[in-house]
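Enquirer: For the record, the sequence lines run as chains P and S.
Each residue of the first sequence is one higher than the one before, counting from 1 in the numbering used here.
Each residue of the second sequence is one higher than the one before, counting from 251 in the numbering used here.
Note that these hints are calculated values from the structure, not bench results.
These numbers come from a predicted model, not from an experiment.
It is possible that part of the hints are untrue.
Estimated spans, in silico, between C-beta atoms of each pair [said to hold, decoys possible]:
hint	chain 1	residue 1	chain 2	residue 2	range
1	S	Gln-413	P	Gly-205	18 to 26 Å
2	P	Pro-15	S	Gln-413	34 to 42 Å
3	S	Ser-421	P	Thr-69	16 to 24 Å
4	S	Ser-421	P	Val-90	27 to 35 Å
Not everything, but these chain P residues come out facing chain S in the computed CB check (under 7 Å) [stated by the list, open to error]:
hint	residue
5	Val-54
6	Arg-68
7	Phe-71
8	Gly-101
9	Gly-104
10	His-108
11	Phe-119
12	Arg-150
13	Glu-152
14	Gly-201
15	Ser-202
16	Leu-203
Cβ atoms here follow ideal geometry from the backbone N, Cα and C, with glycine treated the same way.
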Amino acid sequence: MLVPAALGCLFLLLPLLAMGSRVPWPRFPALVTSDSSRAALLLSLQTSLASTVVCLLVGVPVALVLARTSFAGQRLLRVLVLVPLVLPPVVGGLALLYTFGRRGLLGHTLELLGVQIAFSTVAVVMAQSFVALPFLITSLEGTLRSVGGRLEVVAATLGARPTTTLLRVTLPVVMPGLLSGTVLAFARSLGEFGATLTFAGSLQGVTRTLPLEIYLQRETDPDEAVAMSFVLILIAVVVIGIAQRTRTRP
Amino acid sequence: MTRRRPRPGHPRTGALLPALFAVILLAALTGCSGTTAAAAPTTLTVFAAASLKQTFTTLGQRFEAGHPGIRVRLSFAGSADLASQLDQGAPADVFASADTKNMDKAVAAKRVQRSAVFASNTLQIAVPPGNPAHVRTLADLTRPEVRLVICAPAAPCGAATQQVAAAAHLSFTAVSEESSVTDVLGKVENGEADAGLVYVTDVRQAAGKVTGVTFPEASGVVNRYPIAALTDAAQPVLAQQFVDLVLGAEGQKVLAGAGFAKP
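Using the sequences and the hints given, assemble the complete structure.
Expert: And the structure:
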């Protein structure tokens with residue numbers, strides 16, 4: 001049992017070490033503070049935060065509906081909602097394009113309203129939300145199904161109104177699941193590449209997030225690409241670390 | 251995610267998983283050397299720029315037809331990616347790059363000694379069918395209502411775009427700067443962009459889905475495609491024969507058919 005475990009860990013860790021060994025450390029500060037790097041990092045953090053908020057606003061109600069109600073077609077809905085989880089992100093980007101693009105399903109309506117989504121920062125947030133939302137939903141729904149049901153019934157019999165039950169009983173007990181779902185959604189947004197490239201395009205400061213910048217620079221300036229990749233790994237480690245600490249805290 | 255309880259009737263799963271892992275790892279570790287060793291006697295490996303996919307697939311078939319028993323294995327990717335694969339020691343016999351810069355990288359990596367230019371390509375404006383933004387000239391691309399998509403300066407096609415703009419004393423404001431010419435083409439094909447700057451050959455390949463608008467300034471910036479047999483080719487004779495096919499009359503005819511200009 002230990003050997004495969006060690007192999008598995010090695011398989012995951014070795015590439016990270018290899019990446020670290022390729023970082024041109026003397027030039028690292030200059031590389032990660034260049035105009036294009038800073039713009040990409042800032043944009044990535046802003047859009048990932050925005051899409052995490054979107055995921056929370058939309059995902060929590062969806063998870064509640066899936067876990068606490070039952071209606072015809074619920075199982076089908078659950079499957080469909082999770083589809084973006086397994087869809088290649090490029091396909092997700094195309095799907096968004098066929099919906100919100102100029103020639104898309106809603107394209108004409110949006111054009112009449114004077115709204116242009118493609119090539120805007122809004123498109124980046126939409127692409128990230130599309131791929132990240134299922135992570136939050138599935139994580140929260142799992143927790144909702146395993147805990148809290150009986151406590152909610154008790155709260156209701158004691159005369160608590162549904163809103164009070166939700167805020168004072170349900171949300172506190174599912175907090176770990178909600179938190180890990182939120183972190184997963186943020187991390188997935190931060191790493192989003194394919195859907196963004198397809199749906200939003202790539203322009204510095206507007207739509208070119210960190211992964212897109214890395215993809216672009218790997219041809220001409222591999223050093224910068226490696227340095228930025230390392231920054232991305234650092235952020236990932238910090239985010240996951242914070243999530244784990246808050247989770248294990250009593 | 252599944253909350254199924256572990257079933258007691260499956261004792262073999264425990265042993266199966268590590269075994270599977272070992273197989274995957276073994277395959278990953280030996281993958282590279284394994285394929286070359288087994289395929290070496292009859293396979294010619296050609297690394298070619300992504301823009302050569304159509305023409306080199308045809309030429310590969312012609313070569314196989316002329317050399318019974320020989321299989322041509324084509325690997326298409328961005329020239330920069332291929333050059334760095336060669337730098338990392340990837341086994342190949344022929345390298346055809348979309349620009350001289352990446353061929354120079356292969357020379358610097360001591361994989362190539364001599365190369366020859368076999369084709370050239372120039373930029374063209376691609377517009378969606380019907381040309382909704384009425385783009386007729388290069389200067390039209392600077393009109394504010396035209397949604398223009400170009401290659402980022404870091405990409406080879408972006409460098410050409412910058413040169414064309416500088417020579418024409420224009421400055422483009424694009425809604426997106428893509429990292430590859432195919433991404434630019436895609437944005438024009440699906441109608442999101444009103445115009446894009448791509449190569450003549452890209453427009454030719456996407457015929458029906460985009461329309462090309464030629465502009466005179468394009469002739470000032472010519473992209474040259476070099477080809478070379480690698481110094482450490484496993485099949486040096488065949489490699490040189492393939493290079494000769496591309497440089498010869500037959501190869502030139504195929505390339506011209508796809509819109510490539512003479513070297």
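Enquirer: Please go over all the hints and tell whether each is borne out by the structure.
Expert: Status of the hints after comparison with the structure:
no., hint, in the structure
1, Gln-413/S - Gly-205/P: 18 to 26 Å, "holds, 24 Å"
2, Pro-15/P - Gln-413/S: 34 to 42 Å, "holds, 38 Å"
3, Ser-421/S - Thr-69/P: 16 to 24 Å, "violated, 57 Å"
4, Ser-421/S - Val-90/P: 27 to 35 Å, "holds, 31 Å"
5, Val-54, "violated, 22 Å"
6, Arg-68, "violated, 16 Å"
7, Phe-71, "violated, 21 Å"
8, Gly-101, "holds, 6 Å"
9, Gly-104, "violated, 9 Å"
10, His-108, "violated, 12 Å"
11, Phe-119, "holds, 4 Å"
12, Arg-150, "violated, 17 Å"
13, Glu-152, "violated, 19 Å"
14, Gly-201, "holds, 3 Å"
15, Ser-202, "holds, 6 Å"
16, Leu-203, "holds, 5 Å"
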